[in-house]
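6 protein chains.
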Amino acid sequence: MWIYEANLEYDAKVSYADPRMAQLLIAQYGGPNGELAAAMQYLNQRFDMENKRARQLLVDVGTEELAHLEIIGVTIRKLLKGIKPMQARELGIASHYVEHENGLFYVNPSGNSWTADYLKHVGDPVADMTSNIAAEERARAVYEHLISLTDDPLVQDTLRFLRERELVHAARFKEALYIIKEEMNTRKNFYQY
Amino acid sequence: MWIYEANLEYDAKVSYADPRMAQLLIAQYGGPNGELAAAMQYLNQRFDMENKRARQLLVDVGTEELAHLEIIGVTIRKLLKGIKPMQARELGIASHYVEHENGLFYVNPSGNSWTADYLKHVGDPVADMTSNIAAEERARAVYEHLISLTDDPLVQDTLRFLRERELVHAARFKEALYIIKEEMNTRKNFYQY
Amino acid sequence: MWIYEANLEYDAKVSYADPRMAQLLIAQYGGPNGELAAAMQYLNQRFDMENKRARQLLVDVGTEELAHLEIIGVTIRKLLKGIKPMQARELGIASHYVEHENGLFYVNPSGNSWTADYLKHVGDPVADMTSNIAAEERARAVYEHLISLTDDPLVQDTLRFLRERELVHAARFKEALYIIKEEMNTRKNFYQY
Amino acid sequence: MWIYEANLEYDAKVSYADPRMAQLLIAQYGGPNGELAAAMQYLNQRFDMENKRARQLLVDVGTEELAHLEIIGVTIRKLLKGIKPMQARELGIASHYVEHENGLFYVNPSGNSWTADYLKHVGDPVADMTSNIAAEERARAVYEHLISLTDDPLVQDTLRFLRERELVHAARFKEALYIIKEEMNTRKNFYQY
Amino acid sequence: MWIYEANLEYDAKVSYADPRMAQLLIAQYGGPNGELAAAMQYLNQRFDMENKRARQLLVDVGTEELAHLEIIGVTIRKLLKGIKPMQARELGIASHYVEHENGLFYVNPSGNSWTADYLKHVGDPVADMTSNIAAEERARAVYEHLISLTDDPLVQDTLRFLRERELVHAARFKEALYIIKEEMNTRKNFYQY
Amino acid sequence: MWIYEANLEYDAKVSYADPRMAQLLIAQYGGPNGELAAAMQYLNQRFDMENKRARQLLVDVGTEELAHLEIIGVTIRKLLKGIKPMQARELGIASHYVEHENGLFYVNPSGNSWTADYLKHVGDPVADMTSNIAAEERARAVYEHLISLTDDPLVQDTLRFLRERELVHAARFKEALYIIKEEMNTRKNFYQY
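Residue numbers (our numbering), protein chains in the order written: chain A, 236 to 428; chain B, 236 to 428; chain C, 236 to 428; chain D, 236 to 428; chain E, 236 to 428; chain F, 236 to 428.
Isolated chain A (complex conformation) (with noise of 0.2 Å):
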């Protein structure tokens, strides 16, 4: 179980109102590569997971991975600020207005719903591990493209902030993939099929 802590990881600050880059930034909160994606992946993962430090790591990863969806979460709040309907119309993105006035939902920036078809998990830890190691790569990327679609210092130094954490995680589930074929003392459900 989890207990909530009424302060973010990371104190999410933004120049200005910018409701596109919401609408960009939405890739991490609802995309197929986003944070909600990498906290469901992790914490579906670690029920079958049987190497106890993968586990372990599996539940911690996971569990930061909901805090950085509230970064993101409070983060476009911010970007939408004040932000009336014919101007959204005018800036092309009152879809989302029409439907959620300026909260949030989990979709990607093309307005699609989050689906757990996005998730990979197949019950071999090798096959899982690298799946999650994958997942972080991809999450970088997308992290890259969204400092590249935006001027706003405070936006890139959350985004910044974010990317580096997917880096650490994506060497943590390294190590944790090497630990998990130690065990399997190279592999021996090689010659099993």
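FYI, nobody ran anything at the bench for these hints, they're computed from the structure.
Hints are not guaranteed to be accurate.
Copies of the same chain look alike in the list, so a pair counts if it fits in one copy or across any two.
As the list claims (entries may be wrong) - In silico DSS-like cross-links for lysine-lysine, where the CA-CA straight-line distance does not exceed 25 Å: (1) Lys416 - Lys287; (2) Lys313 - Lys248; (3) Lys248 - Lys316; (4) Lys409 - Lys287; (5) Lys248 - Lys287; (6) Lys287 - Lys319; (7) Lys316 - Lys287; (8) Lys313 - Lys287; (9) Lys416 - Lys319.
Following the hints, put chains B, C, D, E and F in place on chain A, whose structure we already have.
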């Protein structure tokens, strides 16, 4: 942000492995009215719920639903314990095994991946809180269906505990709706349109 | 069975073509809280709603929502009248044109196809009727958002008429819920689980 | 707009409860080639079908498909009559029960929610009417599959009636296609591109 | 099995980068009536199409549609050439950039992921071949829409070439349908049901 | 473009009809980690993979996966040979029969339609190649699950052959990732953000 605490909110026990029940119980893991859906709906709504007490309630209940998701996950794993591939095939539940072995995934009993299309959020406090009350009523009904689909008294105990919690949540959301309406002073925005 | 009558429930007029508003208004044609969703939810629930008055209400309201769907469809077509491909491209709304020309399709403003995942039905009269009240509240809120996204007084008139109808439906579903609860005599099934 | 008339287009009878057949028959309720899909495709296309007779035909057939949807719904309910939860579980069809009890939902026999992605509409009268002819041929084929999956002569009677109607619709759509092509005077737009 | 040959079926040229057209043209890459949909529908149907000539035709046309998919992919890449992130943002098409940079993905112009729900296959040769004729008619109509959405004569040339091929495919599927019906000797199975 | 050659990459044999295995094996035809998913992911990535050797590898492996898709398709058809409707119903696998007779469709064993949401492509060579390695590891694991779900030695032979190919592909993608990283000279873009 959240802190993970390594103990379950309820000590989920089962009397015996029951893979068919596992396949049905997954409704509360990844189904349209399950715990993931509840957690995600409330945690998403909090970002734009202006009433402070209602917002806090959304965080509290959303966080508890994550704990319930964990209870369901642990129970499913126990119900699947020791099941071999050919047994799964005999029981007609190998569709899940092929893709996820005896692990979990965010699907409903028919194997459909969870989607945010299940969730409701329009950014209107009255509409959103009413959606939450409805969500709790549906979760209650699904728990009642599940109770009638097992003879295992330990599984039934867990399901009854979770059903009770949904009733509590529904009651608290009704209070919040009352407060929101009071605050709006008998719906001033009624006259606005 | 249904008989079609060739006149609209409300004389849907527009002051001028407004293709961007057409693209937003489609929320009530094929969106998660739109008229198709309402019609389909109620007409589906009637098959197992045991209370006779509630069942009749579901048929009546469901049938009226089909009429509203028609009003929305006619309005969108008027808002798109005379729009040429290159104009659609200039306005940033040609994504729809490519696939459907100036016709309609069951999508939300972001172009997502309508899905029954939007609908709620668990076969419990209390839960289902509560889901319907919530559906009407959300439809009302979306109409309010749409009213704020246009300056055309004729379109606003139609939207206000439809919004009013949602309030009436919500009130009638609340009555039905009261009747259902009375009939259950303070929820006997409360003690069953 | 539509007027509801409280009698079925065909007196749908069943000889005995047959929950497995109910689960298969739902193909014609919420499946890709079922009655909802047919009704929604035709009623959507009418908004931009310029030929008056073709447009009227779309309304007529679309409205009749709604009546067929009702026939299917009533039949499924009869096939499920009296089924208890544990029976549903024994029969391997409890996935539906968990989410919807013995009620209906717009799904195919595998439990996938209906989606407008099944529908075809490109705003070109020749292409759209051809899509409708194909839709009727598929519906016919699915009825033939269903007839071969039951021994109940009363259910077969209903299915044969509905299959016959699809043949009639296909014939009328072929006539409409002929008229549309005539009107285009051997496809003037052939030379346009 | 297939052998890849490193040249295009048609020399896809563009006069200038046109990222908005790229975003629309993706309809024929990952949209419901695009080349992937065509290829996948025909290659899937061949496995149970009993008439030998019809089966061979499905393989031939399916394989050609893969070549068309390649032509579309190359054209989109040329239309996106040299586009910088901030330019994409200015043009209102950065939603794609965030997730895929200037690469491709199987989506329609609204950004919806391709799904096999677009495809038709019921295992009845008449119904399936009719579905294919309809698919070609729709593809033709979408090419016509695209031609009207660009002023670039080179892009129009490619689109006209592909449109012509769809007309050829439609004609060949009509011949195959005729052969299939002949073989069935005026539909013996008409009397079977 | 591709040339079709009318022989299979591996002579797919089966010892006996086994419709339940057919229903499970479809995981590799239309499932999230199946051959269609692999082929489509690699063939899509090649359009923007700048390293020439990596790009050629994507085309080669993507084309081979299409051949594997064909092997799976042929095997499923053999496993379904001679199955009558009522047999399918008895075996609990008639959901597929209703919609597709004994033909194929791009679904997973639970009957969910294939979606491009399964695929990964962010336009970053390191992230994309890592995603491919993970895809191959998952495909391997799913083949291992399938091998454990059949006793037919001929089907096992085919599955082992295909599993071996995935290991070869994984190894080649690892080489390509190494080359890509070398070329980036220890990730210059690491310092860019």
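For which of the previously enumerated hints does the structure constitute a violation, in increasing order of number? none
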